[in-house]
Structures are given as C-alpha cells and as structure tokens.
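At position 11 of the sequence shown the residue is numbered 11 (full-length UniProt numbering), and the sequence of numbers has no breaks.
Since the hints were made in silico from the structure, they are not lab data.
Beta carbons: idealized from backbone N, C-alpha and C, even for Gly.
Heads up, none of these hints are tricks.
Pair ranges (Cβ atoms, derived):
1) Ala91 <-> Ala283: 17 to 23 Å
2) Gly95 <-> Arg194: 44 to 50 Å
3) Gly69 <-> Arg182: 39 to 45 Å
4) Arg194 <-> Gly47: 50 to 56 Å
5) Arg174 <-> Ala16: 44 to 50 Å
6) Ala184 <-> Pro316: 29 to 35 Å
7) Val122 <-> Gly59: 23 to 29 Å
Below, simulated SDA-like cross-link-like pairs (lysine to any residue); rule was C-alpha separation at most 25 Å, straight line:
8) Lys230 <-> Val35
9) Lys181 <-> Asp120
10) Lys230 <-> Gly177
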Amino acid sequence: MPSAMRTAMTDRSTGAVRYTVVYNPIAGSGRSVGVAASVGAMLEARGHSVELRASERAGHIAELSASSGADRFLVLGGDGSLREAAAGLLARSSGPQPELGILPFGTGNVVARELGLPLDPVRAAEVMEASFAVAFDVGWATADGREPEVFLAMLGIGYDAAVAARIGRSRATRFGGALYKRSAASLYALAGVRELLALSPPRFRVTLDGSSAGERAVAAVLSNTETYGKGMSMSPGASAADGLFDLHLRSSASPLVEAVALTSAQLRWRGPTWACQRSQGRAVVFTSVLAERPFAWQLDGDPMGLAREITVTLQPAALRLIGALACAAK
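Go ahead and model the full structure; you've got the sequences and the hints to work with.
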C-alpha cells in the first residue's frame, strides 16, 4: 500500500460493527453462497452483526450500498462489483457513508491487491475485521456526454481496452466461457496475442489540466492506483491518496512498444521514454482525432464500448476503503 495512504487510516477494529455482505449467488458456479455464509459466520463469531444480501440484477449492488445502514459494506466479487458498490455509496443523499470492503472473488482483484489484502475472501474478511479504513480517491469518466461512471483503479484506452472487449466477446461463446472458467489467464493471453496481430488503433488527443499532453496517442492508462493487474503496475509510485492521476501514454502503434509496455508493467518499472510518456494531473480529456474512428475504453478492467471523447475528473478522498492492518504497520 502506498505510504501516503497509511496516514489516512481510521481504526475500526474494536467494538461490535454492523456489516452488510453482498454476493452474487451465481458467481463461481454458485460457490459464492457458501463463501458469503462463511464470512458471515466468522464475523458473527467475533461479536459483530451481519446481514447477508444476494444481488438480484444489474445495478442491485449500487442500490443496496446507497441505502445501507451498516458500518461496513463488504462486496464479494471483483473490481466491477466493487465499482458498482462505490457508485451507490457516492450517490447517498443522507446518513454516514459506510466503509467499503472487497472480498476478492474476481479475476484481477486490482483494488484488493492495492490494499494489501489476501486474495482468499474468507482470509481477507478476517484481516479486514481487525484492520483500518483508508481515504481513497476515485475517478469519474464521462463519455460522449453520457452519465458519469466511477472508477477506483484505472481507465484504459487502446490496446488494453481492446483486449478487455475481446475477452468479453469470447466469454459469451461456449468455448471462451469454458476456457475462462478453466484458465482465465489463457483467455487473456490469447486475446492479447490476437489484438497485437490486428493492431491498428485509432489515434486520440489528450489534454491534462488544460494543457496538451499528446496529439496523436494510440494507448493510455490513467491510473488512480499503483496496481494495474496481477502484480503489475503501469504507474509505479501511483497512489489513490495523493489527489492525482498518473498518466501513461503511448504514441507508437507497434507490437514492440506494446511488448515493452507490458514487460515494464510486469517488472513494475517505469519503462523507457521512447516507448511511453508519463505525467500527473487531476482533469483529463481524451478526444479522437477522427470522429469516424472512436476508441475502445475500459474502467477497472471492464470494457465500456467505444467513445469519441471522454472527460475525466478526480474526486479526492471520496471513499473509505478497508485496507490490511499488516500493510499499515510496515
């Protein structure tokens, strides 16, 4: 966890706490039901009150978090489910905002990794029960004048968004769905190779805090967190507590540049300046160079379709996320 986060923590480890645990009953081929029950039993055994709620439809997690009267709202799921819960919390019109926690049950689990949590959901609950809440910045992205979308980890344009979209399409097929369940990493690798072979991304302009940051970019990752994927980082040193986005920008559409960017991320290295440019800021606008060629984009790993212009703003310390006590003690 970035050191800047550690100063913003509040101890909730003493006394009885009201928990709501939300889960998707069909996630993990139904395993989520048993996992949620185990989490609830553990918390109750430690003297807390627990409400288990099953999400019933798209958008239901946001509805539950928006109306929750709990002290802590835990989501059993991935980064997409966490993003939905965050949207609900940020839409609250009254009452104190519950602290938000993630019980990792997704593929990337980016925010859980950022917070230093175990990737086993029951173990993560045990750690969070004795841990702190941390102030956490969020980003808001408005595409082509549509409703703003919140994100916690990153916004991606270009190659990684195209890969996310391809994975989404593949999962909808019988073969792709089966491969994803058996080995999500294999499906990601296959999608990545196919997108490299078909590399022909639309170009876009970037404005950062009112000044030009790039005129003909082909790929961008706007990071709120240091963590990008499974142990990777596109923006080493980024922090969700510093009030700034970290922008990683690429202007060359070549497999070599994409390979260098990916290798650098895996090594958590900033990479050579000829392959990528870096900057920080609070407000970003991405605009397609050619209106007839919109670009693919993603939020926290979820494909968001195509857009011609995206306006992004940062809301500092908008949420309180439960981090790992072990990380705070380092």
